[in-house]
Amino acid sequence: MVSNVLSYLAIVVFFVGVPLQVYRWMKAPVVYPLTDFPAPKTAEGAFIKVLLDSFLFRPILLKIYNSTVYSGKGTDLWIGGWVFHVSLALIIIGHIVGIGTLGHQFTILGVSPETSLHMSELLGTVSGIFLSLSLIYLLLRRFFNPIVRVMSDGIDYLIVLLILGISCMGNFMRLNPTYEVEYDVAQRWIMGLFTLHPVALPDNPIFTWHLFLVEILLIYFPFSKLMHSCGIFFARWMITNYDPKKVMVFDWRSKVCEWTGGK
Amino acid sequence: MNFDRNEEQGRFPQRWWEDERLKTVQTMDKGDKHLVPFFAPKIYPLEPMDKPFDETELESRFVSAFARILAEHRQLKVYMESCVKCGACMNACHTYQGTGELRNIPVMRADLLRRYYKKYFTTQGAILGPIVGAEKVTLEGLKEMYYYFYQCSQCRRCSYYCPMGIDTAEITRYGREILIQCGFVSQFHWSVLTSMWKTGNHMVITKPGLMDTVEFLEEELKEETGVDIKIPIDEWDADLLYNPSSADFFAYPDTMIGVAKVMHAAGIKWTISSDIIETGNFGLFLHENTMRMLNKRLIDQTFKMKNCKEVVLGECAHGWRTWKMMTKTINGEWVDKKFHYVHLVHKLIELIDSGIIKVDPSRYEGMKVTLHDSCNNSRGAGIIEEPRYVLSKILPDGVFTEMTPNREMNWCCGGGSGILWDDPESINLRVKLSKNKAEQYMSVDPDIAVVICSIGKAHNSFIVHEGYKKELDHVKIKGLVDLVGDAIVDFPFPAGKYAKS
Ligand code: HEM
Ligand code: SF4
Ligand code: SF4
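Chains A and B are the protein sequences, given in the same order. Read in order, the letters of the first sequence correspond to residues 0 to 262 in numbering that gives the first Met the number 0. Read in order, the letters of the second sequence correspond to residues 0 to 500 in numbering that gives the first Met the number 0.
Please note that the accuracy of each hint is not assured.
BS3-like cross-link-like pairs, simulated, lysine-lysine; straight-line CA separation at most 30 Å [unchecked claim]: (1) B:LYS303 / A:LYS244; (2) B:LYS336 / A:LYS40; (3) A:LYS26 / A:LYS245; (4) A:LYS244 / A:LYS40; (5) B:LYS197 / B:LYS305; (6) B:LYS336 / A:LYS244; (7) B:LYS308 / A:LYS245; (8) B:LYS475 / B:LYS229; (9) B:LYS431 / B:LYS469; (10) B:LYS434 / B:LYS475; (11) B:LYS392 / A:LYS40; (12) A:LYS244 / B:LYS357; (13) B:LYS295 / A:LYS40; (14) B:LYS431 / B:LYS392; (15) B:LYS367 / B:LYS357; (16) B:LYS431 / B:LYS367; (17) A:LYS48 / A:LYS245; (18) B:LYS308 / A:LYS244; (19) A:LYS48 / B:LYS84; (20) B:LYS336 / B:LYS305; (21) B:LYS303 / A:LYS245; (22) B:LYS431 / B:LYS84; (23) B:LYS197 / A:LYS244; (24) A:LYS245 / B:LYS305; (25) B:LYS357 / B:LYS221; (26) B:LYS295 / B:LYS336; (27) A:LYS26 / B:LYS118; (28) B:LYS135 / A:LYS26; (29) A:LYS26 / B:LYS84; (30) B:LYS367 / B:LYS206; (31) B:LYS337 / A:LYS245; (32) B:LYS206 / B:LYS303; (33) B:LYS469 / A:LYS40; (34) B:LYS229 / B:LYS305; (35) B:LYS295 / A:LYS244; (36) A:LYS245 / B:LYS295.
Looking from chain B toward chain A, a few residues come up when the C-beta cut is under 7 Å (computed) [stated by the list, open to error]: (37) ARG73; (38) LYS76; (39) ALA87; (40) MET107.
Don't read these hints as lab results, they were simulated from the structure. Glycine included, C-beta positions come from ideal geometry on N, C-alpha and C.
Please build the complete structure, drawing on both the sequences and the hints.
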């Protein structure tokens with residue numbers, strides 16, 4: 000069955016490819032510290048800052064860190080990009096948890112299975128819609144912002160379109176009862192896949208396409224700019240980490256560094 | 000080919016700049032247009048290639064150079080693969096703001112290299128080609144890359160804007176190294192490196208020349224202060240070694256004079272070694288192996304000092320960055336076991352705080368002083384509050400005015416990474432590159448702008464006295480230690496040189 004072969008291929012490529020790419024990065028040394036100052040003084044501080052920077056995205060944080068001096072105009076991107084990533088994360092988690100527990104994940108909060116299912120569906124629907132909207136926004140921005148447009152290659156549109164396609168089909172299945180796929184059907188299919196006893200796909204063209212595009216995405220992931228999801232931590236760590244052992248530093252005058260009389 | 004890891008070749012001969020091999024370099028000093036590609040096959044070993052450049056070799060040369068650098072630098076690999084083309088860096092770069100050329104947007108600049116990366120080092124580029132923006136190496140493409148990579152002043156401001164933390168300065172640095180192996184290098188940078196090889200400093204100062212200059216400076220000092228202030232050269236039993244920037248002797252003698260006054264007032268037994276009158280390290284801008292060696296040379300020379308406890312590095316921003324951030328990792332952990340290496344600013348703080356030198360703020364009454372944070376000092380090596388602290392001690396209240404943005408978000412002056420070409424076309428370009436800084440100066444309208452950086456002094460003087468002469472000619476570009484020197488009250492001398500009267 001084609002869909003099954005492709006599914007296995009996608010899983011293998013994704014779960015082998017991404018670690019391989021990361022391993023390729025790890026192999027090359029960082030020859031000297033690349034710290035951007037002012038930097039956190041300890042490794043823990045740097046770790047926290049990397050996480051904050053990565054997950055909240057830099058432009059808004061600059062405003063918090065340094066509200067007096069920063070005058071960038073990055074918020075238009077930030078809102079679209081951040082909504083996109085948060086809803087994407089929610090949806091990925093939702094797929095795993097929701098399909099894994101058949102939508103009963105919220106029972107640990109003490110609600111009944113019924114309510115949990117409703118909550119799960121509601122959350123899925125809302126973040127799905129946000130995902131599509133933010134992707135449309137990013138697409139339009141890429142197209143209509145003259146400068147972002149010149150810097151884009153075809154693939155930058157294609158990736159956004161691909162994810163948009165996936166999310167639109169997901170929303171369509173969610174909102175149109177005739178094409179709805181129940182959690183247990185999906186669970187059975189996935190279990191079949193993982194236990195190496197593939198079962199037939201539900202007879203649902205939209206679901207098939209949804210799955211097909213996801214597989215394309217997974218196959219393309221390790222070779223593309225989507226590797227930024229790992230690269231961001233590497234790059235951020237390199238410019239945030241400040242290891243006093245590696246640099247010539249004489250902190251016996253460090254009281255001056257804390258001096259803020261000039262601000 | 001892999002000469003970068005070669006320990007033996009990386010060592011210096013005792014007086015390595017007198018090496019016979021290097022003399023041939025003189026024959027290459029031709030052409031006067033600095034931004035026209037200059038032919039130089041490789042910088043190390045420093046000798047011209049014997050057969051003329053062959054265009055069919057281009058691709059293999061490029062790919063092998065690129066592959067070597069990629070294998071040794073994680074940052075380049077990560078940066079090449081994780082840019083999402085989001086455009087957040089759009090407004091970060093002064094070169095784009097000044098010239099309005101789209102290729103000067105950091106991501107577009109990096110893409111000049113990334114397109115080749117995609118072609119030769121990624122699967123998607125090999126298969127999908129132009130859709131993902133991959134391109135084959137051509138001579139035209141390399142020329143374009145050359146032109147825009149040498150406009151990047153490696154100020155790293157873009158890395159503060161990029162959500163990924165991509166530092167385009169790293170990309171241009173290694174891009175320039177690749178270009179060198181393909182035969183492109185800016186003549187200015189090349190000539191600075193050659194003079195570094197030949198004389199050990201950027202300004203081609205020989206020891207007799209140095210002695211003359213120092214004598215002249217001592218006379219100046221005597222005239223100004225009425226006190227016999229010495230600038231000791233090669234006194235091997237001194238306690239403190241000062242490592243100046245060679246431009247301090249000719250182009251900005253005020254800095255040298257300031258240092259002499261400070262040391263004299265503090266009663267320190269100091270000296271300058273005539274072998275290393277250059278903190279600067281142009282290798283940082285375009286060739287890593289040269290950077291290693293120049294750095295090693297400084298270390299070797301400082302280790303000749305007998306009684307010396309402390310090495311003070313002069314007002315040179317990229318020099319300080321190489322010293323502070325790179326020495327230990329590229330030339331060994333042991334380096335700071337014997338000496339304290341400190342920046343001049345740190346030394347000034349120590350002297351002022353402990354009351355060893357007494358300063359009189361009233362000299363600067365009624366003036367307006369501002370501080371330009373040089374990129375390599377503030378962003379690159381963390382000297383951000385220190386100069387402000389010194390200024391707060393030597394200036395009366397209300398004299399110091401900040402430009403906005405300041406500190407680590409400051410605008411680069413446009414001269415970073417040694418962009419100091421002086422042929423007519425390049426001068427027009429430099430005027431454009433410094434537009435943002437000039438606007439900052441105009442909005443603050445200072446009397447004195449403090450710049451703790453040799454290249455910065457050169458370029459900021461260019462901004463105020465040539466590029467934007469009409470509006471800014473009255474601004475004086477000074478080093479920090481100049482101001483401190485003039486504010487010293489310990490020995491009698493006439494009113495400060497830049498008092499308004
Ligand atoms: C730890 C995980 C991740 C982090 C920290 C992260 C971070 C970022 C950041 C900071 C941007 C900058 C641009 C913007 O604000 O839109 C971005 C863009 C983007 N990300 Fe992620 N990302 C992650 C995972 C992913 C994943 C898993 C995908 C896709 C499957 C993805 C797809 C994209 C796309 C398509 C863009 C470009 C948006 C545009 O076209 O403007 N990201 N990401
Ligand atoms: S390092 Fe500075 S000059 Fe170079 S691209 Fe970034 S902002 Fe522009
Ligand atoms: S901000 Fe960073 S990730 Fe975004 S386009 Fe610029 S270099 Fe690429």
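Here is what the structure says about each hint:
| no. | hint | in the structure |
| --- | --- | --- |
| 1 | B:LYS303 / A:LYS244 | holds (25 Å) |
| 2 | B:LYS336 / A:LYS40 | holds (22 Å) |
| 3 | A:LYS26 / A:LYS245 | holds (20 Å) |
| 4 | A:LYS244 / A:LYS40 | holds (12 Å) |
| 5 | B:LYS197 / B:LYS305 | holds (26 Å) |
| 6 | B:LYS336 / A:LYS244 | holds (12 Å) |
| 7 | B:LYS308 / A:LYS245 | holds (21 Å) |
| 8 | B:LYS475 / B:LYS229 | holds (26 Å) |
| 9 | B:LYS431 / B:LYS469 | holds (15 Å) |
| 10 | B:LYS434 / B:LYS475 | holds (18 Å) |
| 11 | B:LYS392 / A:LYS40 | holds (26 Å) |
| 12 | A:LYS244 / B:LYS357 | violated (35 Å) |
| 13 | B:LYS295 / A:LYS40 | holds (28 Å) |
| 14 | B:LYS431 / B:LYS392 | violated (35 Å) |
| 15 | B:LYS367 / B:LYS357 | holds (22 Å) |
| 16 | B:LYS431 / B:LYS367 | holds (26 Å) |
| 17 | A:LYS48 / A:LYS245 | holds (20 Å) |
| 18 | B:LYS308 / A:LYS244 | holds (20 Å) |
| 19 | A:LYS48 / B:LYS84 | holds (23 Å) |
| 20 | B:LYS336 / B:LYS305 | holds (14 Å) |
| 21 | B:LYS303 / A:LYS245 | holds (24 Å) |
| 22 | B:LYS431 / B:LYS84 | holds (26 Å) |
| 23 | B:LYS197 / A:LYS244 | violated (34 Å) |
| 24 | A:LYS245 / B:LYS305 | holds (26 Å) |
| 25 | B:LYS357 / B:LYS221 | holds (20 Å) |
| 26 | B:LYS295 / B:LYS336 | holds (15 Å) |
| 27 | A:LYS26 / B:LYS118 | holds (21 Å) |
| 28 | B:LYS135 / A:LYS26 | holds (27 Å) |
| 29 | A:LYS26 / B:LYS84 | holds (26 Å) |
| 30 | B:LYS367 / B:LYS206 | violated (39 Å) |
| 31 | B:LYS337 / A:LYS245 | holds (16 Å) |
| 32 | B:LYS206 / B:LYS303 | holds (18 Å) |
| 33 | B:LYS469 / A:LYS40 | violated (45 Å) |
| 34 | B:LYS229 / B:LYS305 | holds (20 Å) |
| 35 | B:LYS295 / A:LYS244 | holds (19 Å) |
| 36 | A:LYS245 / B:LYS295 | holds (16 Å) |
| 37 | ARG73 | holds (4 Å) |
| 38 | LYS76 | holds (6 Å) |
| 39 | ALA87 | holds (5 Å) |
| 40 | MET107 | holds (6 Å) |
The structure fails hints 12, 14, 23, 30, 33 (numbered hints given earlier, in ascending order).
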